[in-house]
Amino acid sequence: MRLFSCLLILAGLIFAGPVSAAEKKISFSRHIKPILAGKCYTCHGPDEAERKGEFRLDVREVALEKKVFKPGNAKESEIILRVTSTDPEMKMPPATSKKPALTEHEIDLIRKWIDQGAEYDQHWSYLKPLRAPLPQVKDATWSAGEIDRFILAPIEDAGQRPSPEADKRTLLRRLSFDLTGLPPTPQELADFEADNSPQAYERLVDRLLSQPQYGERMAIYWLDVVRYADSAGYHSDNHRDVAAFRDYVISAFNQNKPFDLFTQEQLAGDLFPNATTEQRIASGYNKLLQTTEEGGAQPKEYTAKYAADRVRNTAVIWLAGTMGCCECHNHKFDPYTQKDFYSFAAFFADVTEKAVGRQDQTKIPTAEQEKRIAAIDAELATLKSRIETQTPELDAAQAKWEAAAKESLAKNDSAWTPIKPEKAESQGGSKLETKDDLSVISTGENPAQDNYTVTLSTDKEKLTGIRLETLTDESFGNKSLSRGNGNFVLTGFEVQAASLGGDVKPVKLSAAEADFSQPTFPIANAIDDKTNTGWAVSGHEKAANHAAVFPFAEPISGGPGTKIVVKMQHQSTFAQHNIGRFRLSLTTAAKPSLSETGLPADIIEIVKSDAAGRNDAQKQKLAAYYRGISPELASAREQLTKLEAEKKAINDAAPQTLVSMAAAPRTMRILPRGNWLDDSGQEVTAAVPEFLTSVVAAPKPAENQQRLTRLDFARWMTSRDNPLTARVFVNRLWKLTFGRGISRSLEDFGTQGQFPTHPELLDWLAADFMESGWDVKRLLKLMVMSKAYRQSSLVSKELLEKDPMNDLFARQDRFRLDAEMVRDNALALSGLLSKKIGGPSVKPYQPAGYWQYLNFPTREWMNDHGDDLYRRGLYTYWQRTFLNPSLLAFDAPSREECTVNRPRSNTPQQALVLLNDPTYVEAAKALAVRTVKDGGGDTSKRLEFAFREVLTRSPRENELKVLLPLYEKHLQQYKADPASADKLLAVGESKTPADLDKAELAAWTSIARVLLNLHETITRN
Amino acid sequence: MSYSVIPTSTSTSFPRRAFLSRTASGIGATALAAMLSEAMSQRLLLGADAGAAAQSRGVVNPFHLAPKAKRVIILTMAGGPSHLETFDYKPKLAEMNGKPMPESFTKGQPIAQLQGAKLNCFGPQHPFKKFGQSGQHISEIFPKIGEVADDICIVNSLRTTAINHDPAHTYFNTGTTISGRPAFGSWLNYGLGAETDNLPGFVVLSSTGKFGQAQPIASRQWHSGFLPSRYQGVELRSKGDPVLYVNHPPGVSRDQQKDVVESAATLNRLENEAVDDPEIATRIAQYELAFKMQTSVPDLMDVSAEPQNVLDLYGTKGSDGTFAANCLLARRLAERGVRFIQLYHRDWDHHGSIKEHVAGTAKEVDQGCHALITDLKNRDMLKDTLILWHGEFGRTPMAQGNGRDHHIKGFSCWLCGGGINGGQTWGATDDLGYNAVEKIVEINDLHATMLQLLGIDHERLIYRYQGRDFRLTDVAGKVVKELLA
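Chains C and V, in that order, give the protein sequences. Under numbering that gives the first Met the number 0, the first residue of the first sequence is numbered 0, with each subsequent residue one higher. Under numbering that gives the first Met the number 0, the first residue of the second sequence is numbered 0, with each subsequent residue one higher.
What the hints contain is simulated information worked out from the structure, not anything from laboratory work. Careful: at least some of the hints might be erroneous.
Stated by the list, open to error - Below, simulated BS3-like cross-link-like pairs (lysine-lysine); rule was C-alpha separation at most 25 Å, straight line:
no., chain 1, residue 1, chain 2, residue 2
1, V, LYS98, C, LYS430
2, V, LYS480, V, LYS67
3, C, LYS51, V, LYS477
4, V, LYS480, C, LYS422
5, C, LYS97, C, LYS38
6, C, LYS405, C, LYS566
7, C, LYS97, V, LYS477
8, V, LYS477, C, LYS98
9, C, LYS997, V, LYS257
10, V, LYS477, C, LYS299
11, V, LYS117, C, LYS478
12, C, LYS23, C, LYS90
13, V, LYS129, C, LYS982
14, C, LYS968, V, LYS291
15, C, LYS590, C, LYS607
16, V, LYS67, C, LYS566
17, C, LYS434, C, LYS620
18, V, LYS209, C, LYS529
19, C, LYS974, V, LYS67
Unchecked claim - Quick list of the computed label-pair ranges, beta carbon to beta carbon:
no., chain 1, residue 1, chain 2, residue 2, range
20, C, ARG672, V, GLU437, 44 to 52 Å
21, V, LYS128, C, HIS238, 43 to 51 Å
22, C, GLU164, V, GLY239, 47 to 55 Å
23, V, GLY239, C, PRO992, 52 to 60 Å
24, C, ASN531, V, ASN96, 43 to 51 Å
25, C, ASN957, V, GLY239, 35 to 43 Å
26, C, GLU60, V, ALA273, 40 to 48 Å
27, V, THR294, C, ASN531, 47 to 55 Å
28, V, LYS354, C, GLN517, 27 to 35 Å
29, C, GLU637, V, GLY239, 52 to 60 Å
30, C, GLU800, V, THR294, 18 to 26 Å
31, V, LYS128, C, GLU988, 58 to 66 Å
Source: prediction; values computed, not measured. For every residue, glycine included, the Cβ atom is placed at its ideal position computed from N, Cα and C.
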């Protein structure tokens, strides 16, 4: 009963914000709007489509005009009559809405508000944060700074006292976890306890903030927010290289990069004038979203999905705005409109992306690599200019060569002869037309699969082979080789022949040779009699002509009237991978090959032609060709090839990541009800949410610019007038140090979010943060230096009764460590933790078969070895669809969407992980080794040692009484059963020293397991 | 002195109870916040319905409606089974075989791999037969399911919005294609609480066949989204630890493990005496539950005591990872009080050679489905077990080579057991099996209907997140009353 009434009171506090005394002014935005928005706005709010009774409560003029209330007279106000009515016809909200009735407390608030004049005020978070004067406090000695004044005043108002300062051990643990995510060592505690100067605490704070582990700790938080992961998310959820972005975040926090710049670089780093490598890496933010590679996915649908994803997440990240609602309709509670949504999306419409397929990675060479590439480029330029400059010497040499080539061509008629097809038929329904250059092009319908049958007629004798040239065309996908994505898969190539009047007989092909084959699609696939394998040439990635040659096993006798029938099959599972344009040639050369005379067909033609009749283009082509083979330039060419190979090798070895690349923006239009198939909506251009422009001026396009860019957007986001960005960030940092936000709604600063418990404090901090130049370390230091932060988290019965939710911040909070830190803590205590910062993500232990549901391709997690098994949790490979289960159990999110408020659950899976995951068993084993080696001679000393390492304190008497008998018991058991001790000590890849007693180590492992499983061990208090 | 954390009785020691009992003497901020943000605050939001009597252990308390079913078993035929070769009888399509699909059907429609291809009708590849007293049309590839035709209610007018596997599963499981929303099983456990303290309330099993592409299934499909993590689905695996990390470390005996757990519990209690934090009591209770799972899970997986006739009914030898074995495990999970059991069979993506492949895949599941229904019926459990058989979408009436592409505008599923009016076929697609045209059932409607059978008004099972009240049925959903007995 007591619990229930207590909950009711609390419910009032939470849903309406605290109103302690009746005489206090009731605020519309703070007290009334949340009630109306929750229970009335669905039908009487901003959404025109849903509006009933033609009036809205969110606009005072309309509500007054419709006589919803009489200011100053609650009794006679319609709204009060309605919400208190017992008549089902009258009662609001009506039963059909399924909304619960207003509570007495809510009705009472509305009454008072009407009696006070029913004034509307602006929603708190849409007003610029200003520094309010510091409140007066009775106890002037308690405060360490401004924060404390804001905290102390309401505590005093409530007749309470702040909690006493926590002891040094607690403060050290709290600060270490909050600022570095790692536990302190016993030595650090000894140092801190020995330092009695007034600056001891500040020195500790400064030391922790300057450690590189600080950046890692902050990254754990920020990577959730921007949804960083190592895999693409949808369907096959394949790998992407994006660790450079993670390392950028770590380094940004460590360098204390101002938060406005940090924001701008992520949203638009690529658009900065002379963008640095670092800025381009930061712009990878726009590419962190989930993408698909699923076959059969419709590009238009996914383009719409990606646009919506960016709006939904960016709005939550910086504005705590729930704009996701506006994909389909105007927001039901907040002033965001559907037009705002698509205009917001238009800012990102310039980011190039593959709607369906693997996203392009960008090579980011290291500084050293960049230097070498620059040197190579300079050298290459010199060499190229030499090779491209025609000299009189070259002219002379060319003339000689030409004469020889002409003579040789005259003797040698075995070059490939292109043949004009007599007939070219498509089975799939496309139209095959022969062009002047004797190539065949497919037009008309573009079927998923297609087979061609081409008939050639020739008079030549002793034909020895056939050549297939695939040719690019401007009209094809990617201007490449097919009408699909530019690539093709030739699954079959067959030749038949008939001499005049004879039967058509199959011609056996002895081999197949191509100038290029895509890995896993070799040319041999074209003649292997299988329809599910084929030849492909990466035409979707690079538009270039290619050729393949098929020598006949036996020469075809040929002669006048000979017919050659060629069957080309495209039956792969890749739709529209049909060769778009091709040319067939025959030869009588003894050994047909790709380069029979060493000369390409177009050069042969020029050489054969009369020199005087050549046009300029032909002359230049020939000269260029000759320079490419001339002995005079051989050494230059050799050097060029060598340097290019070196450059390529450097590039191949360089790390890569996802970065934003701007191109002409996609057209954005409002999608009615969010339906991507519906093109009837109004076209929109980039714009910020309109209602905010009355507070923070809308950005203006730069000179000579037609449209607003992401950079304009990023600058607007971090404008000093923007009421949200600073508040939102400050509130979230406060959560990291106090356990909850000043407004509990970290993700929603709209009407439905919770009003801050200390609005003036939040505003003061936000204003101060911006004025400080968005200095993050300074802000954190302000918070942790406060007396409020330093309070004990132990709570008196009286305070608990008066303030069970800690609305007053009259005590610190106690909470479980985040998933990564649970891991880091155990590894640090065991001595296994690797301190390496950054680099590719790593794979610690993970149960075999956990990835069994992944496919395209199927995968098995292969854990790393050595130091990479013991890296901090934030480096664990983040597979979105199957996150490492050890992290998942402790509420690490999949990072498919922005997460600003991880839950802190307490589940049996967590117990199973800490008890049985080899990570934790091995950590216990390593801690056991340290205990035996470093803990001193006898059992009590060692127990003291282990306890101090894990909990930074000595064991209590009653704790020893539990652990000493356990140790003795397990020691006897392992002595009697050495095989079990061996098995236990074999867990994990780290080895135990051979000179230590195994039974002892196994028994100490049991003790260490108990310690690592304690609630206190994984709790920050 | 040592406290025993292993209870001797089977009394309820569910964590929620553990900290509710603590709250009488003192409420810690964390626990209270957790409690308020969950059950209590939600209940306050919902308001209590006068008149409803039965109690549940979740936020729907009392039940909104008298429940007919206590638990759900979902048989997810992953990959998208063709409705045209399974439950939707289309003689007209057979007549049109090979002829162009009329453009009136396909113009402007979303399409997957057949984008840009010539669209020809492709007749059903297997004959249909009337089964049971009810004479329902079922494909001959399902002789065993045919035997229970009078128990199942076929829906031939289902529609979905997502045409690719991954988002289509997300839509079917969460009611929306946006990631981060809770799965049906999480919603149900949040709504009704657990009926067992020894096993998770939401269990997922999967099997793979030999005839279709094994499309990936993301763990998002059983994630609790913004609901508390304890409502997350737990995978039951046929290889390795049946539940992740459930086995002791090597070299540690059960007694030694118990020593470790008990010692930790004792130290936690001592700590709690010093700091009075209800989260500690919860932690102790969770270790208790974890330790119990170390027995209950192996016990669940050990089917050696099942009589031969039961094994024969399913056609399985034991926990071998086949669909049939998983059906048997589903029954055992149902018996043990697990609220929501979902079986994936990943073999239904038949883009080519559908004639042979759909028959092959059907054979992989036919006997298991039949056995599960029969076995539950024999144990008098079918009446309160709600079964749904479905794919994430259907397949095109148009040919893709000799297979079929994905199709979302009309497809089939069936329901059975707990409150379902079996022996009827509901709704219909047009003559060619393209569009659902009669008595259309959307996924949200299906969810609403199933929740109703579980005693829940789908519009009142809500959770506030990012300032909005979220539901499994998003902003839609109508109960299809005619499906209910």
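Structure-based check of all given hints:
1. Restraint check for V/LYS98 and C/LYS430: the C-alpha separation of about 21 Å stays at or below 25 Å, so the hint holds.
2. A threshold of 25 Å between alpha carbons decides the hint, and for V/LYS480 with V/LYS67 the separation of about 13 Å falls inside it, so the pair holds.
3. Distance restraint check for C/LYS51 and V/LYS477: the Cα-Cα separation of roughly 21 Å lies within the 25 Å cut-off, and the hinted pair is therefore satisfied.
4. Between V/LYS480 and C/LYS422 the CA atoms are separated by roughly 64 Å; this puts the pair beyond 25 Å, and the hint is violated.
5. Between C/LYS97 and C/LYS38 the alpha-carbon distance is near 10 Å, which keeps this suggested pair within the 25 Å criterion.
6. For a cut-off of 25 Å, the pair hint linking C/LYS405 to C/LYS566 is broken: about 36 Å separates their Cα positions.
7. This hinted pair checks out: C/LYS97 and V/LYS477 have alpha carbons roughly 14 Å apart, not beyond 25 Å.
8. A threshold of 25 Å between alpha carbons decides the hint, and for V/LYS477 with C/LYS98 the separation of about 18 Å falls inside it, so the pair holds.
9. Our distance criterion of 25 Å between C-alpha atoms is met by C/LYS997 and V/LYS257, whose separation comes to about 21 Å.
10. Straight-line distance between C-alpha atoms of V/LYS477 and C/LYS299 comes to about 30 Å, which puts the hinted pair past the 25 Å bound.
11. Among the hinted pairs, V/LYS117 with C/LYS478 is consistent with the structure: their alpha-carbon atoms are about 24 Å apart, no more than 25 Å.
12. About 29 Å separates the Cα atoms of C/LYS23 and C/LYS90, which puts this hinted pair outside 25 Å; it is violated.
13. Distance check on the hinted pair: V/LYS129 and C/LYS982 sit about 61 Å apart at the alpha-carbon level, beyond 25 Å; violated.
14. Distance hint between C/LYS968 and V/LYS291 is fulfilled; the C-alpha atoms sit about 23 Å from each other, no more than 25 Å.
15. Under the criterion of a C-alpha separation no larger than 25 Å, the hint pairing C/LYS590 with C/LYS607 is consistent with the structure, at around 23 Å.
16. Between V/LYS67 and C/LYS566 the alpha-carbon distance is near 64 Å, which puts this suggested pair outside the 25 Å criterion.
17. Simply put, C/LYS434 and C/LYS620 have alpha-carbon atoms about 23 Å apart, close enough for the 25 Å limit, and the pair holds.
18. At roughly 20 Å between alpha-carbon atoms, V/LYS209 and C/LYS529 fall within 25 Å of each other, so this suggested pair holds.
19. In summary, the hint linking C/LYS974 to V/LYS67 is not supported, as the alpha carbons are separated by about 58 Å, beyond the 25 Å threshold.
20. The given range of 44 to 52 Å is broken by C/ARG672 and V/GLU437, whose C-beta atoms sit roughly 24 Å from each other.
21. For the pair V/LYS128 and C/HIS238, the beta carbons lie near 48 Å from each other, so the given range of 43 to 51 Å is met.
22. One distance hint, 47 to 55 Å for the beta-carbon pair C/GLU164 and V/GLY239, holds here, with the actual separation near 50 Å.
23. Between V/GLY239 and C/PRO992, the C-beta spacing of about 31 Å breaks the proposed range 52 to 60 Å.
24. Taken as a hint, the range 43 to 51 Å is violated for the pair C/ASN531 and V/ASN96, whose Cβ atoms sit roughly 25 Å apart.
25. Range check, C/ASN957 to V/GLY239: about 40 Å between beta-carbon atoms, so the 35 to 43 Å window is met.
26. A beta carbon spacing of about 59 Å between C/GLU60 and V/ALA273 contradicts the range 40 to 48 Å that was offered as a hint.
27. For V/THR294 and C/ASN531, the Cβ-Cβ distance of about 49 Å falls inside the hinted range of 47 to 55 Å, so the restraint holds.
28. Distance hint for V/LYS354 and C/GLN517: a CB-CB separation of about 32 Å, consistent with the stated range 27 to 35 Å.
29. Between C/GLU637 and V/GLY239, the C-beta spacing of about 57 Å keeps the proposed range 52 to 60 Å intact.
30. Between C/GLU800 and V/THR294, the C-beta spacing of about 41 Å breaks the proposed range 18 to 26 Å.
31. At roughly 59 Å, the beta carbons of V/LYS128 and C/GLU988 sit within the given window of 58 to 66 Å.
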